[in-house]
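Engineer: One line per chain: the protein sequences are A and B, in this order. Counting from 1 along the first sequence, just add 2 to a position and that's the residue number in the working numbering. Counting from 1 along the second sequence, just add 1 to a position and that's the residue number in the working numbering.
These are calculated hints, taken from the structure and not from any lab test. Just so it is clear, the structure is predicted and the values come from calculations on it, not from any experiment. Heads up, a few of these hints could be off.
Derived pair list, reagent style DSBU-like, types lysine-lysine, alpha-carbon separation capped at 35 Å [claimed, not checked]: (1) A:420 x A:179; (2) A:356 x B:87; (3) A:556 x A:671; (4) A:159 x A:356; (5) A:319 x A:159; (6) A:179 x A:356; (7) A:556 x A:38; (8) B:128 x A:556; (9) B:128 x A:319.
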Amino acid sequence: MATLPVDDLAITGAFGPHLSPRTRGGTADAPDRLVKTHCCFCGQQCGIQLKVSGNEVIGFEPWEEFPFNRGMLCPKGVKRYLQGSHPDRLLTALRRDPGAPGGFRAMPYDEAIRHVAREIARLQREHGNAAIGVLGGASLTTEKTYLLGKFARVCLKTPYIDYNGRLCMVSAGAANKKAFGIDRTTNPWSDMVGTEVIWVAGSNVAECSPITTNYIWQAREMGARVIVQDPRITPIARTCDLYLPVRPGRDAALFAGVLGLMIEHGWIDHEFIAEHTVGFDAVAAYCKTWPIARTAEVTGVPERSLRRAAELWGTAKTSFLFHARGIEHHSNGVQNALGTINLVLATGRIGRPKSGYGTIVGQANGQGGREHGQKCDQLPGWRDISNPEHRRYIASVWNIEEPELPGPGVDAYELFRKIDAGEIKGLIAICFNPVVSLPDNQFIARALDKLELFVAIDFFLSDTARHADVVLPGSLQEEDEGTVTQVEGRVIKINRAVDCPGEARQDWRIIQDLARALDRPHGMTFASPQEIFEELRIASKGGVADYSGITYDKIDAQLGVFWPCYSEDPRTGAPTPDHPGTPRLFEPDSYNPVARGAGRFYFPDGKARFNVADHRPAVDDASSEFPIFLTTGRVVSQFLSGTQTRRIGPLVAQYPEPRLELHPRLADKLGIADGDWATCETPRGAITLRAMVVTTIRPDTVFIPYHWPGDKSPNRLTVAAQDPISKIPQYKVCGCRVRRAAGPPAYASEREPQQ
Amino acid sequence: MPVPQQLEFFVDPSRCIGCQACVQACTECDTHRGEAMIHLEYVDRAHSVQTVPVVCMHCEQPTCAEVCPADAIKRSGDGVVQSARKPRCIACGNCVVACPFGVPELYIDRAIMMKCDMCYDRTSVGKKPMCATVCPSQALFFGTREQALALRPQSAPTHTFRFGDQTITTRVNVMVPRRAVPSHVDVTAAMAERASGRGLRLPVLDSADPFADVEV
Numbered sequence: 003m004a005t006l007p008v009d010d011l012a013i014t015g016a017f018g019p020h021l022s023p024r025t026r027g028g029t030a031d032a033p034d035r036l037v038k039t040h041c042c043f044c045g046q047q048c049g050i051q052l053k054v055s056g057n058e059v060i061g062f063e064p065w066e067e068f069p070f071n072r073g074m075l076c077p078k079g080v081k082r083y084l085q086g087s088h089p090d091r092l093l094t095a096l097r098r099d100p101g102a103p104g105g106f107r108a109m110p111y112d113e114a115i116r117h118v119a120r121e122i123a124r125l126q127r128e129h130g131n132a133a134i135g136v137l138g139g140a141s142l143t144t145e146k147t148y149l150l151g152k153f154a155r156v157c158l159k160t161p162y163i164d165y166n167g168r169l170c171m172v173s174a175g176a177a178n179k180k181a182f183g184i185d186r187t188t189n190p191w192s193d194m195v196g197t198e199v200i201w202v203a204g205s206n207v208a209e210c211s212p213i214t215t216n217y218i219w220q221a222r223e224m225g226a227r228v229i230v231q232d233p234r235i236t237p238i239a240r241t242c243d244l245y246l247p248v249r250p251g252r253d254a255a256l257f258a259g260v261l262g263l264m265i266e267h268g269w270i271d272h273e274f275i276a277e278h279t280v281g282f283d284a285v286a287a288y289c290k291t292w293p294i295a296r297t298a299e300v301t302g303v304p305e306r307s308l309r310r311a312a313e314l315w316g317t318a319k320t321s322f323l324f325h326a327r328g329i330e331h332h333s334n335g336v337q338n339a340l341g342t343i344n345l346v347l348a349t350g351r352i353g354r355p356k357s358g359y360g361t362i363v364g365q366a367n368g369q370g371g372r373e374h375g376q377k378c379d380q381l382p383g384w385r386d387i388s389n390p391e392h393r394r395y396i397a398s399v400w401n402i403e404e405p406e407l408p409g410p411g412v413d414a415y416e417l418f419r420k421i422d423a424g425e426i427k428g429l430i431a432i433c434f435n436p437v438v439s440l441p442d443n444q445f446i447a448r449a450l451d452k453l454e455l456f457v458a459i460d461f462f463l464s465d466t467a468r469h470a471d472v473v474l475p476g477s478l479q480e481e482d483e484g485t486v487t488q489v490e491g492r493v494i495k496i497n498r499a500v501d502c503p504g505e506a507r508q509d510w511r512i513i514q515d516l517a518r519a520l521d522r523p524h525g526m527t528f529a530s531p532q533e534i535f536e537e538l539r540i541a542s543k544g545g546v547a548d549y550s551g552i553t554y555d556k557i558d559a560q561l562g563v564f565w566p567c568y569s570e571d572p573r574t575g576a577p578t579p580d581h582p583g584t585p586r587l588f589e590p591d592s593y594n595p596v597a598r599g600a601g602r603f604y605f606p607d608g609k610a611r612f613n614v615a616d617h618r619p620a621v622d623d624a625s626s627e628f629p630i631f632l633t634t635g636r637v638v639s640q641f642l643s644g645t646q647t648r649r650i651g652p653l654v655a656q657y658p659e660p661r662l663e664l665h666p667r668l669a670d671k672l673g674i675a676d677g678d679w680a681t682c683e684t685p686r687g688a689i690t691l692r693a694m695v696v697t698t699i700r701p702d703t704v705f706i707p708y709h710w711p712g713d714k715s716p717n718r719l720t721v722a723a724q725d726p727i728s729k730i731p732q733y734k735v736c737g738c739r740v741r742r743a744a745g746p747p748a749y750a751s752e753r754e755p756q757q
Numbered sequence: 002m003p004v005p006q007q008l009e010f011f012v013d014p015s016r017c018i019g020c021q022a023c024v025q026a027c028t029e030c031d032t033h034r035g036e037a038m039i040h041l042e043y044v045d046r047a048h049s050v051q052t053v054p055v056v057c058m059h060c061e062q063p064t065c066a067e068v069c070p071a072d073a074i075k076r077s078g079d080g081v082v083q084s085a086r087k088p089r090c091i092a093c094g095n096c097v098v099a100c101p102f103g104v105p106e107l108y109i110d111r112a113i114m115m116k117c118d119m120c121y122d123r124t125s126v127g128k129k130p131m132c133a134t135v136c137p138s139q140a141l142f143f144g145t146r147e148q149a150l151a152l153r154p155q156s157a158p159t160h161t162f163r164f165g166d167q168t169i170t171t172r173v174n175v176m177v178p179r180r181a182v183p184s185h186v187d188v189t190a191a192m193a194e195r196a197s198g199r200g201l202r203l204p205v206l207d208s209a210d211p212f213a214d215v216e217v
């Protein structure tokens, strides 16, 4: 039932994306108040003040006291306020209606809730509890992610819940779990200033996490050398000290080769390795299989640059290593991340003020959203749903019998395969736009067609919500409150600036309304986000991600609290109401409840793990038939699948439509000039975009940003190959072919750039 | 209230990441809502991602004011060169042509020149200019000289620029490498060859083309 009700263009005509004005308000509109909160977009979570007049956000004012960004913002943060009072904002529930001009007609909210509850009950009666799936997202507050996990397990009794962090954070998370026993960046960003070397592996910092740029530049002013590993000369690479132009999909080989050189030269910390780690010998043996000539040949990085990297990294006294989706979005993503961790552990440069390691999270709550139970295999507090002790504890918090708690489900992509196979009949999705964001996304649209019930909770009609039977009008970030955990592991507070318009509701109310209409309100009767947070504190207590000592008041007073933050001293059990949190992990005298004094890492023996980080070729790698590497990523003015940012006029004006970036040598060979229409094709499909001919990309690689839907979406081309451990999709490499197009694609005359 | 003398503007193009936060933030100003007075340009996108933010340099002897036949451009006592005054400006465009930094722009529809006035509405009440507040790379920095020198030990501010026979001193500083001797480009000679990112080298690699070895 989930095929589009009417022609896609007709839906676009009715529901957008249309553009906001360039600005709102003016000199005459003095704000009633300034609300201190955070940006709704990426994982940096910059502090910002929203100017509010009546029930409308009319502008922003920098918040210079917030320590992470001190007033700094990227263009998305500057213009984020324009998403409110938008003509496309959903003000009522919608029901799919092929007879309506836009394919949907408004329905009263209460009727929509009753209808959805009836259909869920019917499907579960006919096909079992597991016939319903739930999809969440890492842009939700931690309170919502906690509630959603509880809703799936306790109310719907289904194992099938997962979230869009599956597309983002999971390779880093899995690697951190294997190596450290805890999954968090190790240091506050301010520690970076004063370090000797910064290695940025696969992160377009300037465009994807712009505020981090100033930390890196400031470190450089204080003498740090910067190594950047990327197939493109991004703005952060332009002035770096060492550029490693890695061929897409060869990162683990690069790390093994460089570590091999470091071992050869003795640029490693034997004492640290012996005292604080296990597994080094196997890694050293593996690195021997990557002599420099082979590493250079496979990675496409010249030998002299590999030697320089080993020397810079190996001989430093202090260092930071950061990675992001560039090395994580691979079917080898966990191995790639482990490769970086091996480089860090071999030098012993971790757990110190000027030395650390971290993953740069992508989404607003990329950190908190991966900790408290919306992942298919996880329970709150970063607990494991397959661990009997963890199950018993959470069952006791939720006041249910442990056997009632479902077991592990499947990752988000596998969930769609189960929909395709007819096992999952109904789906509730929030904060996830898989029709744009998942690889091979025409398969996703086909799978949605097979659902008997698809319910989307959304504030705009996203490309995925267009396939819904019922759309429930949810809340924008500024219409609700709650916490998120930003890139450094700092828990911060999102504050409400305005109320939901029309019949729109705060998402946690919608979820609880469904539970009530299902007549299963057990544990789903919270009166506020703060009440949810108070239960989350108890549920996370004793877990690795322990939030038990965090309160809303403490967040306000300290301008954020780094977890773990204990309500009771893990050593003595004595109450610690004033525990300040843990800005820096793995410090020499630190104590954690897993190691219990045995060491600084979160394993019973207190030691970190080296893991052999094996290079395996990419699935559907470049081949004779598809000889060019396709890689995908972001531009600075857009965010994720663009549901919000493609509606903000000035952000669309900054970079209106996706372009295909390619090197002039490749362009010459293909007969393509800058501005020509070019078609990129893989076994999954073909899209036609304007070419952008630049020398800032490897000549064997093309790049397409992924924020657009349909015929402009590079995820029509990407391969649904996944990492075997983390299940992250391989967005960053697959073979493609490119040709000059005969003429413009249909969308050029039919659609506005943002559509 | 004047802009305090000890507070200065420092521009460091080597830090610029081209994100346009400055441009977007500038459009939020109440005095020119929807229009940006700061400009951000790629030097040569085909060959580099290098971008340059351009604010008004607030010259001690502003060429724009000197060539204005209507005396519409005033430099206030705190050294800020104000945007054209509405009753006086005749939209002749002399200032647009004469400014050596390419700052003023003519708004034909309103028949007026508008340009960056260092966020006078903010700086004259003790705030920083909006662009320098939001700039995520701090390519645009506003503060005291002591702060700038402490934060940027590799860089030094310069505020003297030579254009042919004309030497211009400005209130706004440009950061240059501290150890380098500022070289003055002969503008007319530079005009003969279009500026290009092609000559930009990545430091460690021997070749100006880091992809020289890559086969297509």
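Engineer: Confirm or reject each hint.
Structural biologist: Hints, one by one, checked against the model:
no.: 1; hint: A:420 x A:179; result: holds, 27 Å
no.: 2; hint: A:356 x B:87; result: violated, 54 Å
no.: 3; hint: A:556 x A:671; result: violated, 61 Å
no.: 4; hint: A:159 x A:356; result: violated, 47 Å
no.: 5; hint: A:319 x A:159; result: violated, 52 Å
no.: 6; hint: A:179 x A:356; result: holds, 23 Å
no.: 7; hint: A:556 x A:38; result: holds, 16 Å
no.: 8; hint: B:128 x A:556; result: holds, 29 Å
no.: 9; hint: B:128 x A:319; result: violated, 40 Å
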